[in-house]
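Asker: Sequence:
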Amino acid sequence: MSIVSEFKTFMLRGNVIDLAVGVVIGAAFGKIVTSLVENIIMPPIGVVTGGVDFSDLKWVLVPANAATGATEAAISYGLFINTLIQFLIVGTAIFLVVKAINKLMPPPPAAPPAPTGPSQEELLAGILAELKKKNAG
Numbered sequence: 000m001s002i003v004s005e006f007k008t009f010m011l012r013g014n015v016i017d018l019a020v021g022v023v024i025g026a027a028f029g030k031i032v033t034s035l036v037e038n039i040i041m042p043p044i045g046v047v048t049g050g051v052d053f054s055d056l057k058w059v060l061v062p063a064n065a066a067t068g069a070t071e072a073a074i075s076y077g078l079f080i081n082t083l084i085q086f087l088i089v090g091t092a093i094f095l096v097v098k099a100i101n102k103l104m105p106p107p108p109a110a111p112p113a114p115t116g117p118s119q120e121e122l123l124a125g126i127l128a129e130l131k132k133k134n135a136g
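For the sequence shown, position 69 matches number 68 in numbering that gives the first Met the number 0, and the numbering has no gaps at all.
It is worth saying that the hints were derived from the structure and are not from the lab.
It should be emphasised that the depicted structure is a prediction, and the values quoted were computed from it without experimental measurement.
Hints may be right or wrong, so weigh each one.
Ranges of calculated distance between the beta carbons of each label pair, as one might list FRET restraints [stated by the list, open to error]: (1) Gly68 x Lys7: 53 to 61 Å; (2) Gly21 x Gln119: 45 to 53 Å; (3) Glu129 x Pro108: 36 to 44 Å.
Restricting the straight-line Cα-Cα distance to at most 25 Å, the calculated cross-link-like pairs of lysine to any residue (SDA-like) are [claimed, not checked]: (4) Lys57 x Glu71; (5) Lys133 x Ala73; (6) Lys98 x Gly21; (7) Lys30 x Ala73; (8) Lys57 x Ala73; (9) Lys57 x Met41; (10) Lys102 x Lys57; (11) Lys30 x Ala99; (12) Lys30 x Ile93; (13) Lys102 x Ile31.
Yeah, the Cβ is synthetic: ideal placement off N, Cα and C, and Gly gets one too.
Please take these sequences and the hints and turn them into a complete structure.
Answerer: The structure is reproduced here in structure tokens:
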């Protein structure tokens, strides 16, 4: 089998196509969630926190020096706080959307009950019968 035909077979398998569709839909859904967070959820949070913009919070290790042209060295923990808040909101939003979708989906059909085998007593009785037959013959 040539490389081209193997690649064609690989690409046409259901799992690869499902994965590709999932990635495309996931990217589009990510844009929706980002818009939800930035345009709908974060503005009220900004009002509640008094318009505090965490992105400006930082620990300055070395201040900028215009005379020497040195730039500021700082730990911008405010950006981390913003990212953490957005992550928590996005995670919650995705959880709620998936939960709503799962409620709309019909429940999977119940699995058929596993066939019951012989009981332990029946197995022991069968073994005993085989041993008796072996000893008798």
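Asker: State for each hint whether it applies.
Answerer: Hints versus structure:
1. For the pair glycine 68 and lysine 7, the beta carbons lie near 58 Å from each other, so the given range of 53 to 61 Å is met.
2. Separated by about 47 Å at the C-beta atoms, glycine 21 and glutamine 119 satisfy the suggested range of 45 to 53 Å.
3. For the pair glutamate 129 and proline 108, the beta carbons lie near 41 Å from each other, so the given range of 36 to 44 Å is met.
4. Only pairs whose Cα atoms come within 25 Å are accepted, and lysine 57 paired with glutamate 71 is accepted, the gap being roughly 11 Å.
5. The suggested pairing of lysine 133 with alanine 73 is violated, with an alpha-carbon distance near 87 Å, which exceeds 25 Å.
6. Restraint check: the Cα-Cα separation between lysine 98 and glycine 21 comes to about 18 Å, which is no more than 25 Å; the hinted pair holds.
7. With a CA separation close to 31 Å, the supplied pair lysine 30 and alanine 73 exceeds the 25 Å bound.
8. A threshold of 25 Å between alpha carbons decides the hint, and for lysine 57 with alanine 73 the separation of about 6 Å falls inside it, so the pair holds.
9. Between lysine 57 and methionine 41 the alpha-carbon distance is near 21 Å, which keeps this suggested pair within the 25 Å criterion.
10. Restraint check for lysine 102 and lysine 57: the C-alpha separation of about 44 Å exceeds 25 Å, so the hint is violated.
11. With a C-alpha separation of about 19 Å, the suggested pair lysine 30 and alanine 99 falls inside the 25 Å cut-off, and the hint holds.
12. Between lysine 30 and isoleucine 93 the alpha-carbon distance is near 12 Å, which keeps this suggested pair within the 25 Å criterion.
13. Of the supplied pair hints, the one linking lysine 102 and isoleucine 31 holds, its CA atoms being roughly 21 Å apart against a limit of 25 Å.
In summary, the structure is inconsistent with hints 5, 7 and 10 from the numbered list given earlier, while agreeing with the others.
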